[in-house]
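*Asks:* The residues making up each chain are set out below.
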Amino acid sequence: MAENKKKKEKEQVQKVESRKVLFPDLEQHIHLPARETKLLLADYDRAILCYQAQGFSDDQIRERLSTDRLGGFYAHAALRWYALDPAEKLYPLGMRQGEMPLFRMSVYLKKQVIPELLQMALNFVIKRFPSFATTVKSGVFWHYLDSTKRRFSIEAEKGVPCTPIHVAYSGSQVFRILYYQNRISVEFFHVVTDGTGGMIFLKTLAAEYIRLAEGVEAGTAAGRWPTPAEPGVWHPEDTPDECETANEFLKAEIFKGSSGFTGKPGVQLSGKLSRMKPCRILHFEMSAAQVKEKAHHYGGSITAYLLGIMFLAHKSATEETGGPVIIQVPVNIRKYHPSVTLRNDSMYAMIALELGEITTLEEIVPKITQQLVEKGAKEPMDKMVSTAVKMVASLKPIPRFIKRPVAEKLYGFLGDRLISDTLSNMGVVRMPEEDVPYIEKFDFVLGPSVINRAACAMVTFGDHMVFSVTKTTVEPSFEERIEKLLNQDEVQLKITGSPLYEY
Amino acid sequence: MNIEINYPNVGKPALFMAYFRKTLRYLLILAAITCPIVNLAVGGKLWCLVSVWVILGIWDILAKPDVIEYSLIRQTVKLTIYVCVLLVLIDQLLAPGWASFVVPIVGCASLIVTFVIFVSDLHTQMHNMMPMIWQILLALGFSGVTLAGWPEKSWPMIALGSLALLIVIIGVLTLHKEIWLELKKRFHVQ
Chain A
2 MAENKKKKEK EQVQKVESRK VLFPDLEQHI HLPARETKLL LADYDRAILC YQAQGFSDDQ
62 IRERLSTDRL GGFYAHAALR WYALDPAEKL YPLGMRQGEM PLFRMSVYLK KQVIPELLQM
122 ALNFVIKRFP SFATTVKSGV FWHYLDSTKR RFSIEAEKGV PCTPIHVAYS GSQVFRILYY
182 QNRISVEFFH VVTDGTGGMI FLKTLAAEYI RLAEGVEAGT AAGRWPTPAE PGVWHPEDTP
242 DECETANEFL KAEIFKGSSG FTGKPGVQLS GKLSRMKPCR ILHFEMSAAQ VKEKAHHYGG
302 SITAYLLGIM FLAHKSATEE TGGPVIIQVP VNIRKYHPSV TLRNDSMYAM IALELGEITT
362 LEEIVPKITQ QLVEKGAKEP MDKMVSTAVK MVASLKPIPR FIKRPVAEKL YGFLGDRLIS
422 DTLSNMGVVR MPEEDVPYIE KFDFVLGPSV INRAACAMVT FGDHMVFSVT KTTVEPSFEE
482 RIEKLLNQDE VQLKITGSPL YEY
Chain B
6 MNIEINYPNV GKPALFMAYF RKTLRYLLIL AAITCPIVNL AVGGKLWCLV SVWVILGIWD
66 ILAKPDVIEY SLIRQTVKLT IYVCVLLVLI DQLLAPGWAS FVVPIVGCAS LIVTFVIFVS
126 DLHTQMHNMM PMIWQILLAL GFSGVTLAGW PEKSWPMIAL GSLALLIVII GVLTLHKEIW
186 LELKKRFHVQ
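Heads up: the sequence lines are chains A and B, in that order. Quick note on this note's numbering: the first sequence kicks off at 2 and runs consecutively. Quick note on this note's numbering: the second sequence kicks off at 6 and runs consecutively.
These aren't lab readings, by the way, just hints derived from the structure by calculation. All values reported here derive from a predicted model rather than from experimental measurement. The beta-carbon is built from N, C-alpha and C at its ideal position, and this holds for glycine as well. There's no promise every hint is true.
Label-pair distances were calculated between CB atoms; the ranges are [stated by the list, open to error]: (1) B:I34 x A:R81: 54 to 62 Å; (2) A:P500 x B:K50: 30 to 38 Å; (3) A:H167 x B:L127: 18 to 26 Å; (4) B:L20 x A:E238: 17 to 25 Å; (5) A:F57 x B:S125: 50 to 58 Å; (6) B:A46 x A:P500: 32 to 40 Å; (7) A:V141 x B:I66: 17 to 25 Å.
Construct the complete structure from the given sequences, taking the supplied hints into account.
*Replies:* Quick look at the structure:
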């Protein structure tokens with residue numbers, strides 16, 4: 002025992018010495034409470050050991066773990082704060098124990114993840130995303146995001162995906178970074194960002210990890226916002242700009258009347274709600290080119306085609322005989338009002354078909370396409386934004402403790418009841434050319450909803466399309482029907498996913 | 006369906022706390038209904054108000070804890086408010102004559118506890134100071150009312166007021182910028 006203790010102490014001294022030799026100015030970059038400083042220094046120690054075990058020279062270690070990448074983030078006081086925008090305000094207001102609106106994005110690498118380097122990648126990247134380095138706080142009238150300075154941590158994935166993140170304690174993270182085999186996942190509390198912002202963070206984290214693990218630095222100096230020509234990977238050393246955390250809803254045009262938030266309840270999938278939410282995650286992996294070809298065959302886009310499949314699957318997985326099946330499709334409103342904000346900047350198009358109308362793909366895909374065009378257009382989106390802004394403005398003078406019980410009832414129970422499912426399409430994800438050889442695929446998963454038994458999301462990387470289903474009922478007819486319909490269309494499928502978590 | 010599993014196997018999730026809270030909630034609802042009925046049936050002093058207040062406190066602190074901002078300072082202040090109101094209720098409804106002396110002592114002790122929590126980890130607690138500000142304002146308010154002669158002047162109330170004032174002075178002298186920023190955040194209406 003004593004020998005072991007001595008050996009450990011000796012190792013610890015060696016670690017600290019090599020860190021001090023390699024990075025003599027490291028501690029000048031850190032001004033955090035003692036426990037956080039200790040964790041950050043230990044991250045450096047572990048990363049140095051990891052490189053030394055791989056035979057890296059001191060210069061190579063210095064270059065990869067350069068303290069310049071820390072900047073002043075860990076040395077400056079946490080003074081920033083962010084008021085929530087109208088889209089974000091309802092999330093914390095209506096949240097209950099065990100429920101949280103969140104989403105998850107993952108990147109699959111071609112090699113196993115090295116946790117020591119992933120932790121360092123996060124340590125370097127987080128300062129580029131100041132609105133993510135926050136915690137949710139309660140104001141007298143509204144919640145807000147308060148910046149927090151700490152060492153943000155990664156975790157080995159051991160539990161059920163998309164379960165609520167504990168945001169209650171002082172300085173709690175509003176996101177969770179998990180690693181499992183070759184997969185890096187980020188789970189976000191929706192209050193902090195939407196899919197677009199989340200994906201930029203994940204891509205930046207992945208690029209930084211690849212730099213640390215493989216020594217490949219992608220040319221991201223000019224990279225800011227994802228466009229067909231631009232991957233949208235941010236450089237961790239760039240200075241964050243105010244416009245990246247702007248509340249774009251403040252610029253919204255205000256219209257008369259309301260839009261988009263009321264309507265008939267959607268037909269729900271049958272099947273008992275599971276106790277564990279989600280009870281399963283499924284990924285349908287397909288060739289993007291093949292799906293595109295099928296979609297064109299039916300006269301629609303990929304989104305319209307997969308919505309068609311979902312409508313048919315929904316019809317076969319419900320005992321209801323009438324009423325509308327309503328699928329909520331998030332629309333990125335940045336395309337109508339160019340913006341580089343990482344905050345929530347999306348609204349919804351409600352694609353609805355009566356159960357009787359859901360017949361064949363040939364018949365429904367054109368109808369869906371038409372609804373996507375009409376309901377996802379600029380005008381309905383602007384009206385929806387205007388309604389949200391007006392609603393929030395009218396509730397402004399009411400203290401939060403009065404608003405909260407009402408919002409708690411509205412969120413989930415009433416909100417979810419209005420829709421049957423969700424399909425969120427992240428579109429095509431691009432990475433810098435230098436990073437592409439190290440990446441296999443991405444996936445995108447929505448968190449479980451309160452009443453809807455399934456929530457779907459999809460993302461494409463190269464030719465690799467992943468359509469994910471988050472289930473909150475054990476009953477499998479929805480996903481079985483999706484598989485059958487895709488097989489009937491001769492779309493080659495590989496189905497991966499989680500075990501069943503219900504017990 | 007042939008599914009290739011690419012997530013870790015997880016054991017049976019620990020749901021003890023969830024079940025505990027659920028059971029507790031049912032028991033509390035049952036008690037909250039039963040107490041007034043029994044009290045009204047049996048008659049006598051209105052002890053059911055005291056029990057309902059205790060039930061409300063247990064509900065708020067244990068059965069349905071805060072999902073956002075569960076800080077030590079906030080919980081201490083919350084507990085203090087529940088205890089002080091409980092003491093006043095007992096005094097008014099069951100055994101009168103001592104609350105105006107005991108409640109300020111409890112308030113004083115709680116103010117010392119929250120202040121110690123605050124200064125022991127300034128870096129973190131700076132962002133949690135609002136409940137302490139409310140507590141100080143309440144203490145100053147009650148002390149002011151007492152000094153004006155209602156219900157009666159007592160040394161614990163004067164001590165509570167003095168302590169609250171001392172903390173305000175220390176705070177304003179050393180942390181005025183931080184306090185101003187905190188108030189701006191907490192009262193924003195954007």
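*Asks:* Now look at each hint and say whether the structure bears it out.
*Replies:* How the hints compare with the structure:
1. B:I34 x A:R81: 54 to 62 Å: violated (42 Å)
2. A:P500 x B:K50: 30 to 38 Å: Violated, at about 58 Å.
3. A:H167 x B:L127: 18 to 26 Å: holds (23 Å)
4. B:L20 x A:E238: 17 to 25 Å: Violated, since L20 (chain B) and E238 (chain A) (Cβ atoms, about 44 Å apart) do not stay within the stated range.
5. A:F57 x B:S125: 50 to 58 Å: About 41 Å separates the Cβ atoms of F57 (chain A) and S125 (chain B), which means 50 to 58 Å is violated.
6. B:A46 x A:P500: 32 to 40 Å: Violated, since A46 (chain B) and P500 (chain A) (Cβ atoms, about 54 Å apart) do not stay within the stated range.
7. A:V141 x B:I66: 17 to 25 Å: holds (21 Å)
Violated hints for the displayed structure, listed by number in ascending order: 1, 2, 4, 5 and 6.
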